[in-house]
Amino acid sequence: MAELFRSVINVMSAAAIPLFILVFLGWGLVKKVKVYEVFVEGAKDGFNTAVRIIPYLVAMLFAIGIFRASGAMDVVVALLSPVTNLIGMPAETLPLALLRPLSGSGSMGLMTELMKVHGPDSFIGVLASTMYGSSETTFYILAVYFGSVGIKNTRHALPAGLIADLFGMLGAVFIVRILFGV
Amino acid sequence: MLNYVWISLLLIGIFTAAGRDIADEVTNPYRNGVPLNARIEHSSRSASLHPTYDGVLLIPASDFAAFYGVAQGSDVRQPVTVTTLASGAMRLEAPVGDATPGFWKEMAKAAGGKERLEGSVTAFDPATGNVTVVMERVSFVKIRAVTKAAIEYADVAVTISLGLIGVMALWLGIMKVGEAAGLLEALTRLMTPVTKRLFPDVPPNHPAVGAMIMNIAANMLGLNNAATPLGLKAMEELNKLSPKAGTATNAMCTFLVINTGGLVLIPATAIAIRAGVGSADPGIIIGTSIFGAGCATAAGLVAVKLLQRLPRYKKELEPDPAPEGKEA
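Heads up: the protein sequence lines correspond to chains A and Z, in order.
Using the working numbering, the first residue of the first sequence is number 1, and each one after it goes up by one.
Using the working numbering, the first residue of the second sequence is number 1, and each one after it goes up by one.
Quick caveat, the hints were computed from the structure, so don't treat them as lab data.
Please read all numbers here as calculations on a predicted model, not as lab measurements.
Hints should not be assumed to be uniformly reliable.
Unchecked claim - Chain Z side only, calculated, beta carbon under 8 Å to chain A, not exhaustive:
1) Ile12
2) Arg20
3) Ala23
4) Gly261
Stated by the list, open to error - If you want the footprint, here are the derived chain A segments under chain Z, 3+ residues with CB under 8 Å:
5) 4 to 12
6) 61 to 68
7) 79 to 89
A virtual CB, placed ideally from N, CA and C, is assigned to each residue, including glycine.
Just chain A, with the same shape it has in the complex (with noise of 0.2 Å):
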């Protein structure tokens, strides 16, 4: 069942571009659409977009890297590492729950090293990969996303994607220990 879902969806991933592609264009063909000029019109943008993200990117970025560089991760661990421990996650998992909202490729690295020091199919190693798969980089999207139309007051989008981010790691928790449990 689960080989049958995962494939399924394999199959969909690689479909899904050149379906769009297809689609689209194929779909403004019939509908004559002078498909090539409204390409080209619409792509002219993509440059501008690209370029007004940078400042946003470039705030968010190089805060994150002082935070990493400092070492200022252990601090903060050390202080949280009682709260988790009781709730039953090991204190190994805690930078990479910390940093996955913070850093999509530093996440990676530890969870990746994590890995390979405890195994892949350890209770470890299913709860950091489950951990990764459970959340995605808020800090990167936020500055990308509201960069993107020059939104400099983020109201609530922070402070709701963290407590989503919070509940991602959480619900990792539970359902790894449920299933692989120690």
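Model the placement of chain Z on the given structure of chain A, informed by the hints.
Frame of chain A; chain Z shown alone:
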């Protein structure tokens, strides 16, 4: 809130770095200025006035561990060169390589990312090979690392942004054709029962809805290259509905939370890495990840809907009472 989180990241980072460096100055973990006794095994014997010796620096593992207070598995056999300067003083140079102990690699990196470690030799007897050396000073490690990170990450941000140009152009082009052909509208109508609940402020047939649906679909399928451009297209459309420039609307926040929840049907990156490190069943995390991301998305949606009712967030969306005559 972003203001405070952002400045906190910076302040915590810089103060932690400074604190750690000050602590290092007191405890001296790199043994700055402390002489280290060892033996150099060398074959070259120069009779010149300023002799140079190439050899291997030998330090028993226990001595190295005791000196630096770190764990050291095997005896150190570090290739070194001892040179005599014009002044008569002797210098030791150790190129960083496979034979270099991990702690020295760290020190070389901390000393400015050099490929070698240096030291001044206070006593050297070429006959026996006994040597006393003071390794170069290593200090302000974290502050240096912070400085480097700030510049590096600013660079990374530009690389990432510019890297988006191509895919952005591609997907914006396709979307424009879809829009002109009325396809986006058809898609939007199909999903109206869901979207009108999630985004009550967005007219159900607005182009933003179509872009958001496509973004969410691309995310679910793990098509990151397509998802970001489609998401940015959706943001652009949502921004047209905004009553106040530069401020996130409720719909934008909801849309963002759906994205940060990261619901993916197949967590492809994690599975690929699991397979790479030799998992017997890499795909075992599909179900658990969907559960985790489902929790994240559900909690995020509840949070975003509750938070948007708070007076302080409501107030921020109201147009400024007296708009200043800003130049465009």
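Here is what the structure says about each hint:
1. Ile12: holds (5 Å)
2. Arg20: Holds: closest Cβ of chain A sits about 6 Å from Arg20 of chain Z, inside 8 Å.
3. Ala23: With a minimum Cβ separation of about 11 Å from chain A (threshold 8 Å), the hint on Ala23 of chain Z is violated.
4. Gly261: holds (5 Å)
5. 4 to 12: holds (count 5)
6. 61 to 68: This one holds; 8 residues, not fewer than the three required, reach chain Z with a Cβ under 8 Å.
7. 79 to 89: Since three or more residues must qualify, the claim that chain Z covers the stretch 79 to 89 of chain A is violated, with 0 doing so at under 8 Å.
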